[in-house]
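Peer 1: Sequence:
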Amino acid sequence: MTISRFVSIGASVHGHDNRLTLLRLVLAAAVMIEHIPVVVNGLGSPLIAANGWSIGYAAVNGFFILSGFLIAGSLEQRRDLAGFAASRILRIMPAIIVLALVAVFAVGPRFTTVEPGVYWTSLETWFYIPNVTFFLDTSGAPEGVFATNPAASEFSATLWTLRYEVIAYGVAALLFFS
Numbered sequence: 001m002t003i004s005r006f007v008s009i010g011a012s013v014h015g016h017d018n019r020l021t022l023l024r025l026v027l028a029a030a031v032m033i034e035h036i037p038v039v040v041n042g043l044g045s046p047l048i049a050a051n052g053w054s055i056g057y058a059a060v061n062g063f064f065i066l067s068g069f070l071i072a073g074s075l076e077q078r079r080d081l082a083g084f085a086a087s088r089i090l091r092i093m094p095a096i097i098v099l100a101l102v103a104v105f106a107v108g109p110r111f112t113t114v115e116p117g118v119y120w121t122s123l124e125t126w127f128y129i130p131n132v133t134f135f136l137d138t139s140g141a142p143e144g145v146f147a148t149n150p151a152a153s154e155f156s157a158t159l160w161t162l163r164y165e166v167i168a169y170g171v172a173a174l175l176f177f178s
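Start counting the sequence shown at 1; every next residue gets the next number (my numbering).
Among the clues, some could well be false.
Pair ranges (Cβ atoms, derived) [as the list claims (entries may be wrong)]:
#1 176 <-> 117: 16 to 22 angstroms
#2 61 <-> 175: 28 to 34 angstroms
#3 136 <-> 58: 47 to 53 angstroms
#4 69 <-> 98: 23 to 29 angstroms
#5 176 <-> 147: 42 to 48 angstroms
Honestly, the hints are just simulated from the structure, not real lab data. Here the structure is a predicted model, which is why all the values come from computation and not from measurement. Idealized CB from N, CA, C, for every residue including glycine.
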């Protein structure tokens, strides 16, 4: 006879094997699917129009809730501000830098609507990298990229949540270490 063992939420969020990976993938897929009608045809979510909420909205809130558990677990596990800050920086920055570089050097040249000379000399192209990397303006795009799409400004608009996640890291650290 096997007795199942219950695991507390606190025990589930420690370390990299935090049993939340599948849920995070499902939430990410929901956000991506929700953005398809916006990017492809410029229409808002049909669910928002009908109900005032959407699957993407629920998924973003789910991410914020999960992040709260994971941030608390990370603070409790490390108990040192420098280690916590380093782990948070290493969690976000490599991926955001790669995303910005791929956008400018791979996606941009392929999907821009302007001539290559205009693309490569445009300040909009080059400012995209620091704007996205440092969360200054995550709603733009390199020069002319997807400019003919109905929602041209939606190129990397889903990154808006990262600014608030970084703010949450700071607030959590402030509360934990004060």
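Peer 1: All hints are to be evaluated individually against the structure, with a verdict given for each.
Peer 2: Hint-by-hint comparison with the structure:
| no. | hint | in the structure |
| --- | --- | --- |
| 1 | 176 <-> 117: 16 to 22 angstroms | violated, 51 angstroms |
| 2 | 61 <-> 175: 28 to 34 angstroms | violated, 21 angstroms |
| 3 | 136 <-> 58: 47 to 53 angstroms | violated, 28 angstroms |
| 4 | 69 <-> 98: 23 to 29 angstroms | holds, 26 angstroms |
| 5 | 176 <-> 147: 42 to 48 angstroms | holds, 44 angstroms |
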